[in-house]
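**Student:** Sequence:
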Amino acid sequence: MDRPNDPQRMERIVSLCKRRGFIFQGSEIYGGLNGVWDYGPLGVELKRNLKDYWWRVMVRERDDVVGMDGAILTHRAVLKASGHEDTFSDPMSTCRQCKRLVRADQVEEAVLETPYAKSLESVFNNGKFNGAAILRWAEREGRKLAPNMAIVRNPQVTLSWLAEHFEEASAPLVEFEDFIRYLATEQLNVTGLVMPCPNCGGDLTEARPFNLMFSTQMGASADTESIAYLRPETAQSIFVQFKNVLDTARKKLPFGIAQIGKAFRNEINPRNYIFRSREFEQMELEYFCRPEHGMELLDYWLEERLKFYENIGLPRTKLHVLTVPDADRAFYSKGTYDIEYEFPFGLQELEGVAYRTDYDLTQHQTASGKSLDYFDEDTKARFIPHVIEPSAGVDRTVLALICEAYDEETVTDEKGKSETRIVLRFHPRVAPVKAGIFPLLKNQPPLV
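Numbering of the sequence shown is given in the numbering used here, commencing with residue 805 and proceeding in unit increments.
Everything labelled a hint here was simulated from the structure, so no lab data went into it. Note that the coordinates shown come from a computational prediction; the quantities given were computed from them, not determined experimentally. Every residue gets a Cβ at the ideal spot worked out from N, C-alpha and C, and that includes glycine. A couple of the hints might just be wrong.
Quick list of in silico lysine to any residue cross-link-like pairs, SDA-like style, CA-CA up to 25 Å [stated by the list, open to error]:
hint	residue 1	residue 2
1	Lys1122	Cys1093
2	Lys884	Thr1140
3	Lys1174	Asn1003
4	Lys855	Glu1037
5	Lys1066	Arg907
6	Lys1056	Ile1188
7	Lys822	Thr1140
8	Lys1238	Glu1212
FRET-style restraints, in silico, Cβ to Cβ [stated by the list, open to error]:
hint	residue 1	residue 2	range
9	Glu1107	Tyr1136	18 to 26 Å
10	Pro895	Leu1057	35 to 43 Å
11	Thr891	Asn1073	18 to 26 Å
12	Pro811	Thr1166	42 to 50 Å
Start from the sequences and build out the full structure, keeping to the hints where you can.
**Tutor:** The following block contains the structure:
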């Protein structure tokens, strides 16, 4: 089994994807558009096969699920009611020196991946203060890799309080993350320990919320009344059409509404290839149920989704289930599982299976003034259903399939010469090419 965090392997996969026509950088001939990707001939077939199989398993083979295809342009009131307009944001900081925007909740992770952090490992010395080694690093490697870090920008001031601090400290510094913070802090008594900018090592501002939604104007006038959004998720169109689907499909609880479609998020730091991008596709199911059946169905859908990934070639040994802690869940969620896969860049989420309770339908019923409840013919009771949501990313799953299929094998010809070649071992269900016929003799034109 391949070890996670293998950047060289990921680089080879990215190179292969362009070389073989799986994925291209968006607007590449104009310098590219960050966080936007185009699928080539093989990539679009792989993607289509994945979506077709998901639709087959989640909709066509089930009597309790119907489909829909909602609009991308979304009324502002929808996302106001759902809470997206006010709260769908990431905490952002700006570097005071290079002006780069970074996510405040991911700074430490980003810093530890930088060249300057790798370089600092040589002077870490298990956390024991060594002023001479630190100063040498600042004057040599630091100037090239982190020119705006406090220890590089003003070494004497930073070193003076560092020396004083460690003379008084009762125990040596032992954590590498804290070691970096100390070198990035110019005035401890003013700012406290700070984490530097991942780009230049400079000072970061206090975090502030940054809304992730793309807005646009509808019609000729450009005022607040004409604002609309590109949807940040496919789920909300399902919730606002719940009553229409219920009335026309004539389903009884439990039942689901499924959708595959594009979503858009203004990610400040799109990364890891197509794993995190600004335009992406989701495969989502909103499964409506009675409140007393919610937790049971949450576990049911987790197992169903794990089976799905196994059936397209992602082995259970590479899949991990994270039970999201209470503190990390949305306040309205009664339970959430993250299905994670061992990518070459680490363990990352493929899909979330969340118990959203009746939050969304209640919000839209309150904001719109329209009834979104369900009438039970058997009990004659009227209530708002609870919702289980398995939400998968198409592009993330495509990347997982490519990573899992990627293999390098050594072959030896009849002369004993060995060479390494790349092979993609896709599961037949998703393989972009199902079968091929190739000539064995190049010198026979009729065969070629």
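**Student:** So, for every hint listed, does it hold in this structure?
**Tutor:** Taking the hints in turn, this is what the structure says about them:
Only pairs whose Cα atoms come within 25 Å are accepted, and Lys1122 paired with Cys1093 is rejected, the gap being roughly 31 Å. Straight-line distance between C-alpha atoms of Lys884 and Thr1140 comes to about 24 Å, which keeps the hinted pair within the 25 Å bound. A C-alpha spacing of about 50 Å is found between Lys1174 and Asn1003, which places the hinted pair above 25 Å, so the restraint is violated. For the suggested pair Lys855 and Glu1037, the alpha carbons sit about 17 Å apart, so the restraint of at most 25 Å is met.
For the proposed pair Lys1066 and Arg907, the alpha carbon gap of about 24 Å is at most 25 Å, so the pair holds. At roughly 13 Å between alpha-carbon atoms, Lys1056 and Ile1188 fall within 25 Å of each other, so this suggested pair holds. For the given pair, Lys822 sits about 36 Å from Thr1140 by alpha-carbon distance, which is inconsistent with the 25 Å threshold. With a C-alpha separation of about 20 Å, the suggested pairing of Lys1238 with Glu1212 holds against the 25 Å cut-off.
The hinted range of 18 to 26 Å is satisfied by Glu1107 and Tyr1136, whose Cβ atoms lie roughly 23 Å apart. Checking the proposed 35 to 43 Å range against Pro895 and Leu1057 shows it holds: the Cβ atoms sit about 38 Å from each other. Thr891 and Asn1073 have their C-beta atoms about 20 Å apart, which keeps the hinted 18 to 26 Å range intact. Taking the beta carbon of each, Pro811 and Thr1166 are about 45 Å apart, inside 42 to 50 Å as hinted.
Hint check: violations occur at hints 1, 3 and 7; the rest are consistent with the structure.
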